[in-house]
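Novice: Take a look at the letters that make up each chain.
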Amino acid sequence: MELIFEKSRPGLHAFSLPPSDVPEYNGDQLIPRHLRRSRPAGLPQVSETEAVRHYTALSSRNHGVDSGFYPLGSCTMKYNPKINEDIAAMPGFSAVHPLLPAAAVQGCLAVMYELDQALCRITGMAQFTLQPAAGAHGELTGLMIIRAWHQQQNETTRDEILIPDSAHGTNPASAALAGFKVVEIPSDADGCVDLQALRRSLGPKTAGIMLTNPNTLGLFDRQICAIADAVHQAGGLLYYDGANANAILGQVRPGDMGFDIVHLNLHKTFSTPHGGGGPGAGPVGVTEALAPFLPGPLAVRQSDGTYDWETVHHPLSIGRMKAFHGHFAVLVRALAYIWTLGDEGLREVSETAVLNANYVQASLRETYDLPFNRLCMHECVLSARQLREQTGISALDVAKRLLDDGFHPPTIYFPLIVKEALMIEPTETENKAGLDAFILAMRQIAAEAAHSPETVRQAPQKTPVSRLDETAAARHPILRWKPPAEADQ
Amino acid sequence: MHGPEFLKYTKNHEWVDLDGTKARIGITDHAQEALGDIVFVELPEMDSELQAEDVLGVVESVKSASDIYVPLSGTVIAVNQEVSDEPELINQDAYEAWLVELEISDPDEVSGLMDLDAYEAWCAEEN
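Quick note, the sequences are listed as chains L and A, same order. The first sequence begins at 1 in the numbering used here and counts up one residue at a time. The second sequence begins at 1 in the numbering used here and counts up one residue at a time.
In isolation and in its complexed conformation, chain L is listed as follows (with noise of 0.2 Å):
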């Protein structure tokens, strides 16, 4: 399809407006000419009607949740629900400024304050900063808040933090981002955390240690106090990564397993767009030993019902992570996904997260491997090994081949402990008929791969274009259009 820049015809414009009333400035004597461009912008030039086609064609070519089954693993790509649109979309929510004083937006500070109460209840976590922008903001600000610990402790040798051979990229990158250094700790023969690898790398140089539990093969680590005790009494802190909090909601509570430092994705777990739909959100929740630490300023609620922004600055704040107060619509929409479940209705998304998961990989286990063989929690970890070797083909043939049949495939090649990994993820809003299908399919391309192999190498046939050279976009990405005059240069 053409881009909007090819579609540019000179003069063409979505706009008309009346003769100006008011006196005109020439814009060259306003600004300075060393802040002025020296030629135009380059944007395209079309009419409000191609604009609009354009946008929709995108956009129907798209894969969402509103469209078909996404069981993108450790992504969470679970049904929105439209009521959470509605209620971010009320002028008292979507039209006022974050300067305002707290008086004018007593709905919005009540929002947040109520939302820190809610996850803290969820989590068993003292309170919470709902400054975070996504996932792995929610890392780095977990990090600083353990820096920020150790040094006010006079423990300022600890730069080491702990990951999982598991773990998602994110935690080593964001330990790296706040200045420590990562040791990785190997996986014992049940998929979690070698407790004896791990007493063996504690020391006066831990900080702490990042982990997922359930863990990115979808497996809980039942030896959590265990490990939570040893860390503690090496000196380190616990930081949980909330990417599959999905499976545990109203179930068991990471503080109570001895977390210190929580980081939730509203944009997974609760519901909020994302995957092109975003943005996200990854507040941050602390014990109580910890909250000093926090960025603030924090919603509080006054002893006469009446809300504000703390006015007590914490000197051991870590300071501001995000302008303003974060993304104040994304946390409207994760209330009300919150107070329309309840209690009863969190706990319930788990277990039928965790049944689909595990309908889907007893349906499948048959058909392709199951390196950890052990009830799944809200996602399954297959491989497509021994389907490679008898067949030649792989895990990315498999993915393809999925796009045929209408499905977004799975996470593929991680976790990296996992080859030919497939990661499964149904979430709880996909309802029987739904995973049948997927299985089916499923089954149909595992058959396909040994009587038709090419069928399956040449997928997928049916999308808007056909499979991608991933390779050569990789080695030699073009990064943006150029007029033709330019890219011929």
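The hints are simulated quantities; they were obtained by calculation from the structure and are not laboratory data. Careful, some of the hints might be misleading.
[Claimed, not checked] Restraint-style ranges between C-beta atoms, simulated for each label pair:
| # | chain 1 | residue 1 | chain 2 | residue 2 | range |
| --- | --- | --- | --- | --- | --- |
| 1 | A | D85 | L | S60 | 37 to 43 Å |
| 2 | L | R347 | A | A124 | 46 to 52 Å |
| 3 | L | E486 | A | N12 | 43 to 49 Å |
| 4 | L | A102 | A | D54 | 50 to 56 Å |
| 5 | A | E45 | L | N431 | 54 to 60 Å |
| 6 | A | D54 | L | N154 | 27 to 33 Å |
| 7 | L | P32 | A | D47 | 42 to 48 Å |
| 8 | A | S111 | L | A447 | 47 to 53 Å |
| 9 | A | Q92 | L | R347 | 53 to 59 Å |
[Claimed, not checked] Take a look, some chain L residues computed to stay more than 10 Å from chain A by CB distance:
| # | residue |
| --- | --- |
| 10 | R33 |
| 11 | L99 |
| 12 | A148 |
| 13 | T157 |
| 14 | G169 |
| 15 | T287 |
| 16 | L416 |
| 17 | A474 |
For glycine and all other residues, C-beta sits at the position ideal for the given N, C-alpha and C.
Starting from the structure of chain L, add chain A where the hints point.
Specialist: Only chain A this time, still in chain L's reference frame:
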């Protein structure tokens, strides 16, 4: 057959070509096969002083990014710019596409490397 017999190997799937106190280092054919199409290689600066087990660089494929570890301590005396410019050279011939050359500082560390038989046994065990 996982590689030439005259090379030394590591458990992290690097190969070492020793010539006196000079050592060329690359990743094995087994490693490039597991990574898939390599799209980016990050190598150290000339004259960097490295300790054994330090991160030497990063190889990134369409599937994942992996650290490469330096098996011997030493100073970087040459960096293969061609591989930086054309990472596909590693996929084409992993034993030609060396990454760096070191002037090694502790010849005793060489005894910790594996010969081809030991490396093949390690690959089999890992599988």
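Novice: Which of the numbered hints above does this structure break?
Specialist: 14, 16 and 17
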